[in-house]
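Trainee: Protein chains in written order, with the working numbering: chain A, 606 to 868; chain B, 606 to 868.
Take the hints with a grain of salt, since some may be wrong.
With a straight-line Cα cutoff of 27 Å, these simulated DSS-like cross-link-like pairs (lysine-lysine) come out [unchecked claim]: (1) A:K711 to B:K711; (2) B:K706 to A:K820; (3) B:K732 to A:K654; (4) A:K706 to B:K711; (5) A:K706 to B:K816; (6) A:K732 to B:K654; (7) B:K804 to B:K790; (8) B:K790 to B:K816; (9) B:K732 to B:K804.
Derived from the structure by calculation, the hints contain no laboratory data.
So the chains spell out like this:
Number of protein chains: 2
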Amino acid sequence: MLYFIGLGLFSEDDISLKGFNALRDVDVVYAEFYTAKLMGGNIDNLIDKIDAPFIRLKREDVEDSNIILDDAMVKDVAFVTAGDPLMATTHTELYVEACRKGIETKIIHASSIFSAAPGLSGLQAYKFGKTTTVPFPDDNFFPHSPYDVIKSNMDMGLHTLVLLDIQAHIDRYMTINQALDYLSKVENQRGESVFPSDKIVVGIAQAGSDKPVVKGGRVSDLLDYDFGSPLHCLIVPGDLHFIEAEALIALADISENLLENYL
Amino acid sequence: MLYFIGLGLFSEDDISLKGFNALRDVDVVYAEFYTAKLMGGNIDNLIDKIDAPFIRLKREDVEDSNIILDDAMVKDVAFVTAGDPLMATTHTELYVEACRKGIETKIIHASSIFSAAPGLSGLQAYKFGKTTTVPFPDDNFFPHSPYDVIKSNMDMGLHTLVLLDIQAHIDRYMTINQALDYLSKVENQRGESVFPSDKIVVGIAQAGSDKPVVKGGRVSDLLDYDFGSPLHCLIVPGDLHFIEAEALIALADISENLLENYL
Numbered sequence: 606m607l608y609f610i611g612l613g614l615f616s617e618d619d620i621s622l623k624g625f626n627a628l629r630d631v632d633v634v635y636a637e638f639y640t641a642k643l644m645g646g647n648i649d650n651l652i653d654k655i656d657a658p659f660i661r662l663k664r665e666d667v668e669d670s671n672i673i674l675d676d677a678m679v680k681d682v683a684f685v686t687a688g689d690p691l692m693a694t695t696h697t698e699l700y701v702e703a704c705r706k707g708i709e710t711k712i713i714h715a716s717s718i719f720s721a722a723p724g725l726s727g728l729q730a731y732k733f734g735k736t737t738t739v740p741f742p743d744d745n746f747f748p749h750s751p752y753d754v755i756k757s758n759m760d761m762g763l764h765t766l767v768l769l770d771i772q773a774h775i776d777r778y779m780t781i782n783q784a785l786d787y788l789s790k791v792e793n794q795r796g797e798s799v800f801p802s803d804k805i806v807v808g809i810a811q812a813g814s815d816k817p818v819v820k821g822g823r824v825s826d827l828l829d830y831d832f833g834s835p836l837h838c839l840i841v842p843g844d845l846h847f848i849e850a851e852a853l854i855a856l857a858d859i860s861e862n863l864l865e866n867y868l
Numbered sequence: 606m607l608y609f610i611g612l613g614l615f616s617e618d619d620i621s622l623k624g625f626n627a628l629r630d631v632d633v634v635y636a637e638f639y640t641a642k643l644m645g646g647n648i649d650n651l652i653d654k655i656d657a658p659f660i661r662l663k664r665e666d667v668e669d670s671n672i673i674l675d676d677a678m679v680k681d682v683a684f685v686t687a688g689d690p691l692m693a694t695t696h697t698e699l700y701v702e703a704c705r706k707g708i709e710t711k712i713i714h715a716s717s718i719f720s721a722a723p724g725l726s727g728l729q730a731y732k733f734g735k736t737t738t739v740p741f742p743d744d745n746f747f748p749h750s751p752y753d754v755i756k757s758n759m760d761m762g763l764h765t766l767v768l769l770d771i772q773a774h775i776d777r778y779m780t781i782n783q784a785l786d787y788l789s790k791v792e793n794q795r796g797e798s799v800f801p802s803d804k805i806v807v808g809i810a811q812a813g814s815d816k817p818v819v820k821g822g823r824v825s826d827l828l829d830y831d832f833g834s835p836l837h838c839l840i841v842p843g844d845l846h847f848i849e850a851e852a853l854i855a856l857a858d859i860s861e862n863l864l865e866n867y868l
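From just these sequences and the hints, can you work out the full model?
Mentor: Structural data, given as structure tokens:
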């Protein structure tokens, strides 16, 4: 049996009761913390309550899935990840391989930024378009795809959830400020008024914690705003229903005059 | 203090450890089970472990939010809902009102169909466009909006998560079959080849349970397929990466020849 168990958004107590009970029953736990990891709490509090060995995988261990699958043929194995399971391609591939080999599987879901971010912002989840990710740029890598996705969603009046690059294996997490800078640079190159300095955006940090930071405003207002520790993400609102505009004022501390067109 | 606590997707053990611990600490629990409710397990198993009174709200109780807010001014109150909190407009409005009144809030997230459905299907979450909902039609109410959303997403190659109407207060839950029939009728009226009978779709039922049903195929193959008990939802795939096509074959039991263009 192979369990895919989500640890949820932030700390070791974001796992579900179902997931926790499964972890206490399995023979071995494999944890994948390089695509994402819990930024709050202390995972050792969870590990201490589990009898089974808790093995932290390296990237190559998941990509060579046989280690996990061979074990799951003969034992009860849990594969745990931050967030909801099966959001990353490598996890889906492991799930597909397990099904192909006839290994019984159970998926135990958990909280995810895909629903948490809309909820925290007060924007309606069904008004979000395609999600995009801003990657860490380098000399030969500066894709405009996040800008294109925002533009395409805007054209349809839709909000965009913008995830920010995570390189957990080297403890490098993109900040909202870096993402705003990235998208402003694309705007400077493209000049299509998708991401001007007076664009209203909402930054969300530490989603899932007791005190998530939800702060909106113009890009120029937030370029230097301190959102605190990772993980960060960004929402670029599309057209706003007045109830959404009122929510942004109350929840994201946006001043009323910036949204007066929607009220 | 007002906690918004998600109960997660399916059964009473889908709540997070954090949410469970909060429920044991609060003075009163208000449960909103008319926009959605847990279809599996037994909520009484959770209620039995909580000392605080567990009050099931009627629709008018949430819309007149003062009952909850007045209590939260002087006590520790939990507002619990199925899924992730703040996905429904009425919940967001309660959150906004609480913030306006200066009531301290904590949001405790949980699993949601918004991430679970992509995960279970094997399709990549970031390739989904806007979500839509198929409502129960009546004589004067047969909106084409779900069809329009699918069409718009398709034009951009994106997948569509189609949620199905829930009227939990009268225990009425739309089935995948009803949704397929609805969308086929729109296709007959509009004839824009958005939802022809050979369109490939994926039905998902009992997400969050130990044995969710994930079954794909042509619309004509699934119109009479028995997906079992609610809740149901539907995914209309857009363009498929070959890895997604392979995932659909393994996870959604779609025959290879239907997807050969993508392999």
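Trainee: Please go over all the hints and tell whether each is borne out by the structure.
Mentor: Hints, one by one, checked against the model:
{"no.": "1", "hint": "A:K711 to B:K711", "result": "violated, 30 Å"}
{"no.": "2", "hint": "B:K706 to A:K820", "result": "holds, 19 Å"}
{"no.": "3", "hint": "B:K732 to A:K654", "result": "violated, 37 Å"}
{"no.": "4", "hint": "A:K706 to B:K711", "result": "violated, 43 Å"}
{"no.": "5", "hint": "A:K706 to B:K816", "result": "holds, 18 Å"}
{"no.": "6", "hint": "A:K732 to B:K654", "result": "violated, 37 Å"}
{"no.": "7", "hint": "B:K804 to B:K790", "result": "holds, 14 Å"}
{"no.": "8", "hint": "B:K790 to B:K816", "result": "violated, 31 Å"}
{"no.": "9", "hint": "B:K732 to B:K804", "result": "holds, 18 Å"}
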